[in-house]
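Okay, so the sequence shown: first residue is 1 according to the numbering used here, each after it adds one.
Check each hint, because a few of them may be wrong.
27 Å max Cα-Cα, derived DSSO-like pairs, lysine-lysine [what the hints assert, rightly or not]:
1) Lys331 x Lys369
2) Lys308 x Lys369
3) Lys369 x Lys286
4) Lys368 x Lys308
Computed spacing ranges between beta-carbons, pair by pair [to be verified]:
5) Asp109 x Glu131: 20 to 26 Å
6) Glu276 x Ser243: 17 to 23 Å
7) Ser243 x Leu156: 33 to 39 Å
8) Glu33 x Arg77: 44 to 50 Å
9) Asp133 x Leu156: 34 to 40 Å
Derived by calculation from the structure, the hints in this document are not laboratory data.
These figures come from a predicted structure and were not determined experimentally.
The beta carbon of each residue, even a glycine, is placed where N, CA and C say it ideally should be.
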Amino acid sequence: MFYREIPSSGEPLPALGMGCMRLPETPDGKVDEAAAVALIRAAIDGGATYIDTAWPYHDGESERIVGLALADGYRERAFLATKLPSWKVESREDMDRYLDEQLRRLGTDHLDAYLVHALTRRRWNRLWDLEVDTFLDEAKADGRIRYAGFSFHDDLSTFRTIVDAYAWDLCQVQYNYLDEHYQAGTEGIRYAAKKGLAVVVMEPLRGGLLGRRPPAEVEEIFAAAPVRRSPAEWGLRWVLDHSEVTTVLSGMGTTEELDENLRVAATVRPGTLSPEEHRVVERVRKVYEARLAVPCTGCHYCMPCPCKVNIPECFAQVNNAALYDDPAYAKFFYRSLLGEGGAASWCTECGMCLSLCPQGIEIPAVLKKAVALFEDEMDR
1 MFYREIPSSG
11 EPLPALGMGC
21 MRLPETPDGK
31 VDEAAAVALI
41 RAAIDGGATY
51 IDTAWPYHDG
61 ESERIVGLAL
71 ADGYRERAFL
81 ATKLPSWKVE
91 SREDMDRYLD
101 EQLRRLGTDH
111 LDAYLVHALT
121 RRRWNRLWDL
131 EVDTFLDEAK
141 ADGRIRYAGF
151 SFHDDLSTFR
161 TIVDAYAWDL
171 CQVQYNYLDE
181 HYQAGTEGIR
191 YAAKKGLAVV
201 VMEPLRGGLL
211 GRRPPAEVEE
221 IFAAAPVRRS
231 PAEWGLRWVL
241 DHSEVTTVLS
251 GMGTTEELDE
261 NLRVAATVRP
271 GTLSPEEHRV
281 VERVRKVYEA
291 RLAVPCTGCH
301 YCMPCPCKVN
311 IPECFAQVNN
321 AALYDDPAYA
331 KFFYRSLLGE
341 GGAASWCTEC
351 GMCLSLCPQG
361 IEIPAVLKKA
371 VALFEDEMDR
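Let's have the full structure, built from the sequences with the hints guiding it.
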């Protein structure tokens, strides 16, 4: 594993970490505990020791399962990070209450990193008024956390404001070759690195989109490239090529994905992607930008929907119809997966999901597109 450093301390972090938002699941959608524990431990054994989870992942089950995985000596080998659920905090006391409960779930007395989760300008302003800076200082002083950070979903101006407001150790941002100028973007990670923050990247493959079977036009571009790589390897290499990036979090769900990502992270050094390879990625980006219908990463922050709409799956099929020029194929999967529950037409436009989406998607409007595309023959 190649290591990079936390600027505030010089402590090494692995180039690859494991994001625990997309753990292996059973056919009924529950976390496969045995498979998840084995995969997390395999990641640590392979050098991907940065383990990232959060309060809402897998409907609150992720932290508990990570805690199970870190038993038997694995806690001492891991750099463990979780996050304060910023949208739930209503008082200064809530911050301590959530942190203490998360320590209990994870079966540990301290966190290596504690991040204020999914910050937007409005959330940041509210938490600042509740003295989140004092909370972080005190949690550091009493040993419950070692490093303080934040994860982010807003514009570049807001990102700079938050970076400058506190003595952060690290930040976590969405970054991939489709999101080079989205949210914090390249300019943001450069700003954070210049200010001495470690930059942790989430969604390096855009919720798995950039690692799946690509459209034929993209396959042709990759096939003509000077080197042969899988779509996932192209995406990871592009992110890791940036010297500002400290650690890339990958939501690996299988040992095959883990093995490939470990291999890539062990060989990539910043600034080694050739100009010709950058041109390959640029051509692929243009194809995706022209085709992508919904900027959904499948994060599930919008879930559970009070009307029981499976929002991420609806959006995935809308994107599949656009990416592969095959609405009939996407309709088949939509009807197979959602025909008995979770269809887009169940949406009542209550609007509860709108404030939860880190991508700012107009969810009810896109669900109407899904209805128009896929539900002409379904009973509603």
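Hints, verified against the model:
A distance of roughly 12 Å separates the Cα atoms of Lys331 and Lys369; the hinted pair therefore holds under the 27 Å criterion. Restraint check: the Cα-Cα separation between Lys308 and Lys369 comes to about 18 Å, which is no more than 27 Å; the hinted pair holds. Taken as a hint, the Lys369 and Lys286 pair is honoured in the structure, with Cα atoms around 23 Å apart against an allowance of 27 Å. The straight-line distance between the Cα atoms of Lys368 and Lys308 is roughly 15 Å, inside the 27 Å bound, and the hint therefore holds.
Against the hinted window of 20 to 26 Å, the Cβ-Cβ separation of Asp109 and Glu131 comes to about 24 Å, which satisfies the hint. Between Glu276 and Ser243 the C-beta distance comes to about 20 Å, which sits within the given range of 17 to 23 Å. For Ser243 and Leu156, the Cβ-Cβ distance of about 19 Å falls outside the hinted range of 33 to 39 Å, so the restraint is violated. Checking the proposed 44 to 50 Å range against Glu33 and Arg77 shows it is violated: the Cβ atoms sit about 20 Å from each other.
Our hint of 34 to 40 Å for Asp133 and Leu156 is violated, since their Cβ atoms are close to 22 Å apart.
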